[in-house]
Every structure is written in C-alpha cells, then in structure tokens.
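These protein sequences, in sequence, are chains A, B and C.
All you need for my numbering is the position in the first sequence, starting with 1, plus 1110.
All you need for my numbering is the position in the second sequence, starting with 1, plus 553.
All you need for my numbering is the position in the third sequence, starting with 1, plus 2.
Don't take each hint at face value.
Stated by the list, open to error - List of simulated lysine to any residue pairs, SDA-like, C-alpha gap at most 20 Å: (1) B:Lys579 to A:Phe1195; (2) B:Lys579 to A:Thr1200; (3) B:Lys579 to A:Ile1146.
What the hints assert, rightly or not - Sample of chain A residues at the chain C side, in silico, Cβ under 8 Å: (4) Val1130; (5) Val1133; (6) Leu1134; (7) Val1203; (8) Asp1204; (9) Asn1207; (10) Leu1208.
It is worth saying that the hints were derived from the structure and are not from the lab.
We treat Cβ as the ideally placed atom computed from N, Cα and C, and that holds for glycine.
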Amino acid sequence: MAIPESHLLILSLALLTIGVVGVLVRRNVIIILMSIELILNAANLNFVAYSTHWHNLTGQIWGVFNITIAAAEVAVGLAIVISLFRNRETVNVDEMNLMKW
Amino acid sequence: MDAGLAIFYFFAALAVVGGVMMITRKNAVHAAVYLVLTFVSIAAIYILLGAEFLFAVQVLVYAGGIMVLFLFVIMLVNLEEPRRFSGGRLRLVTSSVVTLLLFGMLARLFGRTAQVAGPPAVASTGEGNLQLVGVLLFTDYLLPFEVVSVLLLVAMIGAIVLGRPRA
Amino acid sequence: MLSLLYLIPLLPLAGFVINGLLGKRFLSKRAISVVACGTVLLAFLLSLGAVFSLNNLDSVASVPGHLEVDQAAKRVTLTAAQWLSAGAGADGAAFTIPWGFTLDPLSAVMLLVVTGVGFLIHVYSVGYMAHEEGYWRYFAYLNLFMSMMLTLVLGSSFPVMFVGWEGVGLCSYLLIGFDYHKDSAADAGKKAFLVNRVGDMAFVLAMSWIFTAFGTLGFAEVMSQVGRITPGVAAGIGILLFIGACGKSAQIPLYVWLPDAMAGPTPVSALIHAATMVTAGVYMVCRCSALYLQGPAALTVVAVVGALTALLAATMALRQNDIKKVLAYSTVSQLGYMFLAAGVGAFSAAVFHLMTHAFFKALLFLGSGSVIHAMSGEQDLRKMGGLKKVLGITYPTFLIGTLAIAGIPGFSGFFSKDEILWRAFGHENVHGLGGPGFWLVSVVAAGLTTFYMFRLVFLCFFGEGRMDHETAHHLHESPRAMTVPLIALAVLSIIGGWVGIPKSLSLGADLNAFEHYLAPVFEPATGAAVGGASHGEVAAGAAAHGGGGLGLELLLMALALVVVGSSIALAYRLYRSHPEIPERLARAFPTLANLLSNKYYVDELYHLAIIRPYVLACRGLHGFDVRVVDGTVNGVRNVTVGFSHLSRYFDQYVVDGAVNASAHLTRALSLGFRRIQTGMVQGYLTLFVFGIFAFVSFFLFWHR
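For reference, chain A alone in the conformation it holds in the complex (with noise of 0.2 Å):
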C-alpha cells in the first residue's frame, strides 16, 4: 500500500516543472502568481512525502507553516498586483518593464 517514494518525487517534480514553465511563459501577471502557488505545492508534496517515508511529522509541520506563508504572500502579491493595475492599465508582464535599459 505503500506509495513508491521515487514516485511522489516524480510528481512532485512534475508540478514543479510545469509551474516553472508557467512562470516562464505566461503573460498574465495573476497566472504566473497561480503558477507559484503550483511550485509551492509541489515543495508542500515534497514535504510531506518525506515526512510519510520517514515516519516524522515534522514534514508536515513543516507543510502547515509553507501553506501559511503561501497564503501571506498571495495576499501581498495580489495588492501589488492591483496596485499595478491601477498605474498601468494591464497586467501584461511585457509591459512591466521599468528596469529595462
């Protein structure tokens, strides 16, 4: 019954990458926020993975605290993002580009 654990990190790899990619290559400013919160939950599976193979919870403290912390900063990333909204008109990553030379 047990589930393989090269199996969970497989996953848990495939999460990451497809939120990577997500990341990469969305022009939407909310979809690459979404794209995070994928790659946190693929660490979060990680975790936890590891705290069923290992037979300690502190994986899953450790999950509850990154879920926490995903949450705040979601609600900041959002602020700014209305924020950005309101100056710009878009949330067209292209179009954010102060810093560009």
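Model the placement of chains B and C on the given structure of chain A, informed by the hints.
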C-alpha cells in the same frame, strides 16, 4: 497493483493535467479553476499519505481562501488578452528547453539516489494525526508558529496598504 | 708720486664710468663738466708731478717687481697689476704681460701734451657743446679717449700700448659718429674705424713677429736687444709697424678717413685728429727708434712716405672750401713732416714738431670751431668774410696759429719745422734723392702750407661778408669757456718752440733743451745711431762737405723764409687784392683744378678697386648663404614638416583609430550586452532556472 497505488496514480494524473491546463488557458478564470482541481488532487494525495490535517488545511486555505482571492482579483482585472505567451517564440522554446533539462536532471537524480536516512522515526502513538500535529505545533514548533502569525498580520497590513486606492 | 703713475690713465676712465653710467639721468650739465674736466686736470697735475720726479730720479728707489728705476736711461717702469700670463716658457719662465706703465722723457712730453691740450679742449667743449642733447655721452667718450690715449703713451709693452691704440680708435669712431643721426657722421665714423683696422692688422702682425724674434713684448726688453736681429728682420718689423702708424696717423695710403672725420664735433677734431690720436703713430715710431735704426730700410720707407704725404696733402688743401677740411689736410701734411723727421733719424725733431703742432693745430681747430659757432653752423669759406671785425679774440688767436704753422720766426712752428728741414737736408742715407731732395720737398710743402693757410685767413676774416642776412645778424664772439682755451693755446703756440732753439740762432749758447731732454731716449749708450745724426753731427758733416755748417743752416733757413714770404704775398694777391684770379686760373687749368678739388679722386679709386669687389663678393656670399645654406635649412625644414605630416596621419588614423576602435568596440559590446537587461522578469527567471540547473548538475555530477 493495489488500490492505493491506483488511486494515487489517478489523483497524480489529475494534478498534472490540472497543472498543464492551468498554464495553457487563455482565460484566467479557467486557469484558476484548473488550479483548484490540482489543489484538490494534491489534498487527496495527502490523505493517501496519512496527512489528514494537511489535507484539511490545503482544502480550506488553498482551494478555499487563496483561490477565491485569486478569483476576486481576476474579476477585478477583467481583461482579455489576445496572446497567452509573453516574449517571443524564442522565449517559449528556451524556457521549455531549460525547464525540461532541469526536470531531466532532477529526475535522473531522484531515480538513482540511494535511500537517504532521514531523521529518527517517531513511534506512532495511536493518536490521530491532528492531535499529533497540534501537540508538535504547540511544543517543539511554538516559536515558528507565533512568528508565522505575526507574519500573517504583517501580510495583512501590507496587503491593505498596497491595495489602497491612491488618495 | 711715481708709484701713482697708473692713476693718470685711470682717472679719466673713472670719469668715463661716472658720466657714462650716471650722466644721462642723474647728473646736471655742470656736474658732468666738472667730472670730465676735473679728471683730466687731475691727470695733468699728476703728470706734472711725475715729470718732476723724473728729473729727480736719484731720490727714487726701485721696488723690485713694482717700480723699476733705470737711472741711465732716465726711465721708470711701474707694474700696476698682472694681465696676461701663459704657461711655462722654454727656460721655465712663464710668458707674462703685466699692466706696466713706463715714464721716460719721451712719454713725459707726450703725457704733458695730451693732458694739457686735452684739458684745454675739455674746457672748450663745455662751451661748444653746451646745447647738445647728448652732453653726458660726449664727455664720457672724451674721457674714455683720454684714458686710452694715456694708456697708449704710458704703456711699457706693445700689448698695453695696443690696448690704448685700439681704444683711441674706438673712441674716434664713437666721437666722429657722435651725431649718429647724421649719415655723413655715421659713415665717417665707420670709415675711420675700418681704415684704422687695416693698420691695426699690420700692427698685430708686427707684434707677432717681434715676439717670434725676441721672445718678449716689453719695450725696454725689445729695444735693448735689437742688436740680435738682422737688419732685414728689423726693417720688416719696422715697415709693418709703420703701416699701423699710417692707419692711425693718416699717411698715404690710409689717410682717407681723416678729412671725412671732420663730420664730428669740432673739439673732437681738435683733440683727436690734430693734437693726440693722430700723433700716436709718430710716438710709436719714436718709441721703437732703436728697432728702426737697426733696420734703416724701414726708415727710408718712413721718410719717403712722410715726405710724399706732406706734399700731396698740401696740394689737396689748396682747393678745399670747408674750413675744417683745409685744416684736416693740413694735419695730414704736418704728420707727414713728423714721419719725415723720424725717417731721417731726427726723432727728437719729430717729437718737437708733434708738440708744437699739437698747440697750433688745436688752436686752429678750436678757432675754426669758434668761427663756425659764430656763423651759426656754416663751414663754407666762400660764405664767410670780414669776420675779424666781430671775432675779437678768435681772429688774433687764429692768426697766431696761422703764423705758427707757416713757420714765421719767433713762433713755435718755425723752430720745429726748421729743425726738420735742417735734419732732412743732412740726411745722407737715401739712394737717388739724397738729403737735399727731402729738403726741397719739405720746403715746397711748407710754401703750400703757408699759402693755403693764409688763403683761409683772408677768405674767412678779411674782406666783405658773403653770408646771408640771417647769419650776419647772429654773428657773435664765443663764450669765455671757448675763448680762454684759445688764448692759452695761442700763448703756447708762441712760446712752445722756445725750448728747442737751435744753436745757429742762439749765438753759440746751447739752448736746445728739448733735444737734450730727449737724449736719454734717442741716443742710448748701447747703440750709436746709424744713419741718423744729431744736430751737431749734421753740422759737422755738412762742414765736411764744404760750406760752413752754421752758415749753411742759416742760408737754408733764409731760403725757407723767402718761400714762406712769397707764399703769403701770393695768397694776399689771389684772395685779397685780386680775388678774381683763382677763378681764371681754375678755368685756365680745368683738369688740374678738378684733380685738386676732388683730392685726386683717391676715394673714388679706393671705392672702385677695393670696396666694390668686396661688396660684390659679399653679395655673392649672401646669395650662397640664401640659396645654399638657407636652402639646406629650408630643405630640412620641409623634410621635417613632411615627417610631421606623416606623423600626424599616423597619430590621427592609427593611434586615434586604435583608441576610437576600442571605444567603438566597447560600445558595440555594451550595446550587445545591454539587451540582456530587458526589464522583463521572466527573462531573468529563465536564466535563473538555467543557472540552477547548471549549478546543481555541476555539484551532482562533476564535483564528486
């Protein structure tokens, strides 16, 4: 193959599909919904792994709180973008290649590594997962717990400040 | 007193320095005059003292290395300081020329004449130059001249004398060209200097020869050793020295500068070109008398040139219309007399005439200066006349001078000129001409001298005034500063000759003090005179030839006086009673008249024969310099410029190109590199992920 494994594969596939769909949707609301699907699948996997508390937290906070917040903002920023992907074709290709490389390497790593010995196992006491997690939170991890709550306070204030309309 | 000998040339030098440095701005005219005249007066007084000491030589002790006293030769030599010295000689002694000053009877006479007449002329100049702008400059130069002349006269060796020799030449140039704005004056100064230079070159050659022959250059040393060299060498040296004297004393062929030098101020003409500088040549020949006596051929040359010059210059004076030019040619002629005297061995007679000539020629020049002053600057005789009515002091003194130069008995000129005539007559040693020949030439010259001098007097002071009304209105006698020296010189012109009264006129008493005074110099104990004869010996010789010596002398004297008298009468007739005659004569003999008026075209001859070729050569060399030398320089310049262009191209394109290229490269690179800064976070993140990949893979797969 036993049932647990099959269920696991089912939910894993669901999670991956949800993720892929999320990053490829033009419509942000659709993307958000697919992300919810992913979250829920992951929550299910948590149950399979015996992390009931985390399952609950995941569903409540992630799927219930965060995604709702996302949806609010998406509604606020109601724009139709003609293009999905930023940058040019080059960017698309480069990013995909790079990421696949990363995946490949790490996959190879994870496939090959010997089992790493983790921290010492804690004997199971027969109490439920929730109780155990609660006890740990209030004993060994009390400080991070408190700090995180301060962090939430800060984030809340920050969000309010940042999100304020310009006076 | 004698150890202060060096002060005599030094005092006027101090005057030169003071007036020269301070005179322009800090000293008043009075102060300048006091300094200038004062130093000369002091020099004169010192000279008097020195000469007195010379007469009491036994009371003076020698100080070795400083003051050498030679009782027998009646000579004192003062070594004031060291001057030149060179290495070790053959016998261990180094070659040295000290600043030495010698006082013996010869230099004593010169000293008194130079300082005495010089002082009178300084005083005269105070009046004559009173309105001059360059007053300080004039007196500075005049003092310098005095200093140089005194150095010349007192020098104890050839080099020291040469210093004075050159110095007076320089001052002559400076003073002739005093009014340097006037072209004629500036040119005359240059001419004087250049012609002098020719003579100076000969002098230097002579000095070198002397040194080669004798190994020393001091007068005493050389003259005492003349017996060591052959007559040929002595004659050669003597002739070279004489050429130098020709330049300085204006003899043929180097006299041409003296008439032109009249462009300078009149006191300058009086001092330098009558009384002192031009006599330097005579002095030098007399100083080297022993040398000349060793080489009698040189003496012959001297006598012949002197006689010819005396005659020729006298003829040139006949047709001159400028009062100063007449006097200039007269000077040349009288100098010829002096050289004639030296040439026949009558050195003391030459010096005697030098002294009396200084008196009356200075008097005549100063008098002419007074006339010019009265005539408001006019110098042409044809525009004068009747001045004796106005110039109550100038006329009588001028007349006295004229009588002196004519050789009227009782006046100084008579005694000195007569001495020369007598000694010339008795000269045995000339091939072809013989003594009487010299005498004849001299007498003719004397006649001509009297003639042109009285012509001058008649034209200037007698008859009706031929000047314009303006000038006539301004006629006035000169101020006291000018007339007092005239009177003093007039007195000297009369009594100056009484120190040399010949035996023939003194009724047996030996009154020729002058000759006796100079005897220690000209009749040294070591060598008897060869060819020359003292006064008495001539008489003896003449007696041997038949005819009483004394009587012959008196006869010759009488003949000369007849010539002089007829000259005066002729002059009177031509220029007083029948003034139209000269015109008729000139028309009758036009070529002769022109020849005389234009001074035999000698200047023109020199110009054609010497100056023009020289100028052409100069032009040729100039052309060479411009084309070849400058061409080379310019060529180098062009090459350098070409190189600099190349260099510039190199610098511009290569060096700057390299620098600019590096800048361009940097810009290109940066342009390329800045495209990384897209400002797009996703781009950065892509690289970020790639970096993670690289990092992790490195650690995982390679680091182990």
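Here's how the hints hold up against the structure:
Our distance criterion of 20 Å between C-alpha atoms is met by lysine 579 of chain B and phenylalanine 1195 of chain A, whose separation comes to about 19 Å. Straight-line distance between C-alpha atoms of lysine 579 of chain B and threonine 1200 of chain A comes to about 15 Å, which keeps the hinted pair within the 20 Å bound. At most 20 Å may separate the alpha-carbon atoms for a hinted pair to count; lysine 579 of chain B and isoleucine 1146 of chain A meet this at roughly 18 Å. A hinted interface residue such as valine 1130 of chain A counts as satisfied when its beta carbon comes closer than 8 Å to some beta carbon of chain C; here the least separation is about 6 Å, so the hint holds.
A distance limit of 8 Å between C-beta atoms decides the matter here; for valine 1133 of chain A the minimum to chain C is near 6 Å, and the interface restraint holds. At a threshold of 8 Å, the smallest CB-CB gap from leucine 1134 of chain A to chain C is about 5 Å, leaving the interface hint in force. For valine 1203 of chain A, the interface hint holds, since its Cβ comes within 8 Å of a Cβ in chain C; the closest pair sits about 6 Å apart. A cut of 8 Å between beta carbons decides the hint on aspartate 1204 of chain A: the least distance to chain C is about 7 Å, and the hint holds.
The criterion of a C-beta within 8 Å of any C-beta in chain C is met by asparagine 1207 of chain A, whose closest approach is roughly 3 Å, and the hint holds. Here the hint on leucine 1208 of chain A is kept, as its CB sits about 6 Å from the closest CB of chain C, short of 8 Å.
Checked against the numbered hints above, the structure breaks none of them.
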